[in-house]
Amino acid sequence: MSTTVTAVGLVETVAPVTRRMRAYFAPVNREAGLPTLFDAAQMGAFALSSPPAPWVDLGWCSNFARKSATKIGALTTGAPAVVQSQVVTQVEASVELEFEGWGKLQLALAAGSQQMNLLQTATGAAANGSGGRAATAVPLVAGSTATALSVGAAATQFQVGELVSVDEDYVAQVGFVGSGVSAAYVSSPASVANDINYIRRVSLNVGRVVAIANGVLQLGAPLLAGTPPSGMQVSSLTGFVDREGGGFFQEWSGLFVMDGEQGDRVIYHYPRLQAMQGSAEMAEPVAGPLEKVKLVGAFRALPVTDANDGATVLCFRSYLPGAMRTV
Amino acid sequence: MQNARDTFYVALRDRLAAVNPARTIVLRGVTRPGVLVEENELASATVPVNAFCLHWTGLSVDAQGALPLATMTCEISYATDGDSGNGGMDRGRLLSGMDAELVAAVSAAPQTVTKMNYVGAAGGSGLAPVAMGTNVFWGDAAFGAATVNGERLERVATVEVFCYQEAGEL
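Which chain is which? The protein sequence lines are A and B, in order. Numbering-wise, the working numbering puts 25 at position 29 of the first sequence, and it's gapless, one number per residue. If you want the working numbering, it's the position in the second sequence, counting the first as 1, plus 305.
Think of the hints as simulated: they come from the structure by calculation, not from any bench. Errors might be hidden in some of the hints.
[Unchecked claim] Quick partial rundown of chain B residues pointing at chain A, CB under 10 Å, derived from the structure:
(1) A371
(2) L374
(3) P415
(4) Q416
(5) T417
(6) T439
(7) N440
(8) F442
[What the hints assert, rightly or not] So the derived list for chain A, only partly shown, Cβ under 7 Å to chain B, looks like this:
(9) V7
(10) E257
(11) M320
[Claimed, not checked] Just a sample of chain A residues kept apart from chain B, beta carbon distances all over 10 Å, derived:
(12) M39
(13) S46
(14) S58
(15) A118
(16) S126
(17) T132
(18) E158
(19) N210
(20) G227
(21) G235
(22) Y264
(23) L286
(24) P299
None of these values were measured; they are calculated from a predicted model. Positions of the beta carbon are idealized from the N, C-alpha and C atoms, including for glycine.
Sequences are here, hints too, so could you generate the full structure?
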């Protein structure tokens, strides 16, 4: 049966009714201090399941709450003092949310410090809270892509289902380290014991091996940093670890999208977010003794300058009305 | 609100038919997807088995907004005797299959669809339904306990369906 769309009048606008919030991540270039900017005028209508590059889907989140701590003061004159005008005395904002999934990215963003990979340890390594001395990494050979790691004969050292960290060796770099996303800041080689595996230990450039054939490790999803250049190595890992303490703040560009049931969309874009609390969880009862444990993140927004008018701002809220709604 | 009911029924019917095309029912001599709206059919004491039967029950309206928001309760009952070739011993599996079909149809995104006016299209007029200005949307299905009625297994699931009452719409 075909459908005929006849001319319809404008429909009164209503408050958005929504179910849940979808979160997206994009890296901030920490060296240059450049966030990833989202232009809702150009990309606002994207399909939730396929965000525009370089945005990465963080999945659904719940209990999203943004708080404005911006303070507006009264400017008074005379006696008795009479309010003549208002001034903005402080601009501050924060965001809280609960991630529905425990992925590497979600863990890292919510951690409030470096989020490390539990690299497979070398034989006889001394015990250490964030993982002992790592086993020797496997070098990539030519021909790797973001989803296929060519390791040649060393492929026999890996198994399907294994997690891997792919990044460069630590060779006395100072500053932000980590491919794709700045994962840590190294102040001196001595501070990280000159560990050749340190960058792979903190890297967010991780993946899971889903197939192995002809010396190639096939990954289940593309690496965050894209095609790995020659010189990178692969380390197996068993999981992730973060710590209460540490002095590094993850910083990311955040995008939160809330679709309304009437075809409207609310988009919150925070170009620069840093965790403002340590690792935390929220237990949600399921049934009986079962609980769902959700990652809790709290983030402070940092400023950017709007190119349109030079204003210093923390967040952009865009609203895309549904079709044929009054404005 | 009738438009919203019709729209939800058609959406659910099409989704259920896509999930399991083999689930059909013969009604008034016509083979169609195995879902019907009880109030749209001839009154009968017979409970169809292996099909989904919609009953519109609760209704509330929030008239405080620019458009009244109607909340309607749709009870979806279904039952199975199992396969006679198996002596009915597969009735639990068949009911579980219907549970899964309903979850897939109701919970699949998007849980919203453009409200349609089927009045002109009714009765084999050949006219196309007319798209309206708002969407019908709904929540997930809440499943009641399975009940045993003789050799029959039955269940009722409930879905809250929402719509805005548009200007001039009855």
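Hint by hint, work out which the structure violates, then give me just those numbers in ascending order.
-> none
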